[in-house]
Amino acid sequence: MACFAILGTAVFFILEDEGLEPLAAINKFMIYYILFDLVIRYFLQKMPVTNIKPLLILPINRSTIVHYTLGKTTISFFNILHAFFFVPFTVVLLYKGYGYQAILWHLAMMALIYTNNFLNILVNSKNTVFYIALALLAALGASQYYNVFDITTYSKVFFQNMYDTNYWFLIAVLLVVGTYYSAYNYFKNRLNLDDGLAKKSEVAQTENFTWLDQFGTLGTFLKNDIRLLKRNKRSRTTLIMSFIFIFYGLLFFTQSIEAYDNPWMKVFAGIFVSGGFLFTFGQFVPSWDSAYYQLMMSQNIQYREYISSKWWLMVIGTVISTLIASFYLYFGLHTYLIIVAGAIFNIGVNSHLVMLGGAFVKTPIDLTTSKQAFGDKQAFNMKTMLISLPKMLVPMGLYTVGYYLISPNAGLVLVAAAGVLGFAFRNYVFDKIEKIYKSEKYATIAAYKQKN
Amino acid sequence: MRLTNKKINSSLLKKRNMIQVTNLSKTYTNGVRVLNIEHLEIPKGQSFGLVGNNGAGKTTFFSLLLDLIQPSSGHILNNTIQVNTSEAWKPFTAAFIDESFLIGYLTAEEYFYFIGDLRGQNKADVDALLAKHEEFFNGEILNSKKYLRDLSKGNMKKVGIIAALIGDPEVVILDEPFANLDPTTVNRLKKIIKELADDPNRTVLVSSHDLVHTVEVCNRIVALHLGEVVKDIQTSPETLKELEAFFAV
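Protein chains in written order, with this note's numbering: chain H, 1 to 452; chain Y, 1001 to 1249.
Each hint should be verified, as a subset may be incorrect.
Result set (DSS-like, lysine-lysine): computed pairs, CA atoms no more than 27 Å apart in a straight line [as the list claims (entries may be wrong)]: (1) H:Lys46 <-> Y:Lys1145; (2) Y:Lys1123 <-> Y:Lys1145; (3) H:Lys46 <-> Y:Lys1123; (4) Y:Lys1146 <-> H:Lys233; (5) H:Lys28 <-> H:Lys53; (6) H:Lys233 <-> H:Lys362; (7) Y:Lys1194 <-> H:Lys230.
FYI, nobody ran anything at the bench for these hints, they're computed from the structure. Quantities reported herein were computed from a predicted structural model and do not represent experimental measurements.
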């Protein structure tokens, strides 16, 4: 939020420095902003249906219930967040003498954000709409990048008119009113437990993954972990986040940001590009199994195999990320080698550290929602923090030392060598993790029970 | 009466004790003592029923037996293995306490095979067990194209109970197995539990609110009240009356 507020204030001056007309520049990319917002909402924002159920049997009008619920969504984080951007920006506009039309523009933008809000509620259960938005976003972005078709030449006129004219903003207002009433009618007619409020359930298909049987108990756990990743909203969000992490490196390797244009920050990027999955998944081992931790603890489980299974999953994830990241070869072989060295370090050292940190995390994970996927405060404690520091700092330090003392390639060798060295400690670390699991058993069970 | 009790006791002594509880207590940090059992022995092969009101300590006792919570004092021996210091009791002990023993994102088949794998049973073993209990499932579990999280409470219970039977465990612990089941399934479950108990090597522990069901399937009943053992009786035709009198308001 603070980010958005700062951005909202600063963006005007940044764009001005770049020699652009700030409002026009913002309007140019507003179409992407709006579409991206819609995609994010699909993942994270849910209609709060569970809160409706107890109201149904109370003497309250159905329309009141629907108005109340829709009204409640307007103060959700996903709307307020944008206010943190648009309000400071508009204030700057006014200050810079853009006149009262700036307020009309502001109203229009907020109306469009709220249109997204109600649109999301309306299509909440329909994947197709989401995929259309995502495909549109990707197609428009790609065709603009390759100069095939630039949607912004048309869309910027639309957004610019919100400012240039006194009446154009009414379109946005009409849109928000229209979507509100559509959402209202939609829910009012479906305010039954077996319809609009029904729990969605997927058609399940038994998957036996018999090819994993050859790995014995390890295979048993791997099978479950693959199903865990595939079939739960929360873990799917993790997969998508790790995919986004692969592109995180673009910020660093394109030399677009000056502060990032140095050897150590590139290693930082290398670690993240290959290790997105490792970090996002690994930090919550064993919390992924929190919902049925009591079962696991009463079964004859070989901790070693259990830990190995998670480790292999992270290794596989890292290898796949590194392969996908091969497009970084475009920036030169050395750039890709930084990522490969990062991957080796991730597998050899960070995988162990992440799991060691995870052993202290006692936050139960609700697999069925993707809500807590971002910034779970409870998941950060001192021990985890201390264990996380070397994950980035050590490879950054090693590479920098090699880079300046010998050569860039020597830096890479140092990072990779540290990773290989890390393998030697595998058994030692696994023993440690096993001991932590055992000594923390009662506390972990009690903590996982909290939300279940 | 005293004589018959003695007779039964001496006949029990001949059998080896499967579960032995000594000075067991559980006190939470707020000072509330939820369980306090000085001495309790469950011989091998017994079907043991635990009855009591909410908060009597039934689930607490089972959780201690499975080493899911830490005893404040005392200990439990399961086949001479102290449960909170060794894990060697796990291979021959199986339990279904509640839904946290199910893995929500698996189908019933996947869940059964997973438990089977953990208990050293191959697919054919598990299939044989499932075939045997097909009637109990009533066609609502296998091939239902549903994940366990989407099953009804009763069907979840069916899955959990049968999963606890995988691998022929010597000790079977079922917490409130009759709750949420329809009348027909309750009768089928009683049949299953009786069959289980017929095996002299198997010890079955069942808890319930329902006195009638418990009396029917168990040959010994212990009543807990506020964490203490208040009744310990061998099942006889008078048992139900005695228990009903005890819980009468």
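Okay, the hints, checked on the actual structure:
no., hint, in the structure
1, H:Lys46 <-> Y:Lys1145, "holds, 26 Å"
2, Y:Lys1123 <-> Y:Lys1145, "holds, 19 Å"
3, H:Lys46 <-> Y:Lys1123, "violated, 40 Å"
4, Y:Lys1146 <-> H:Lys233, "holds, 16 Å"
5, H:Lys28 <-> H:Lys53, "violated, 43 Å"
6, H:Lys233 <-> H:Lys362, "holds, 20 Å"
7, Y:Lys1194 <-> H:Lys230, "violated, 40 Å"
In terms of the numbered hints stated before, the structure departs from hints 3, 5 and 7, listed from lowest to highest.
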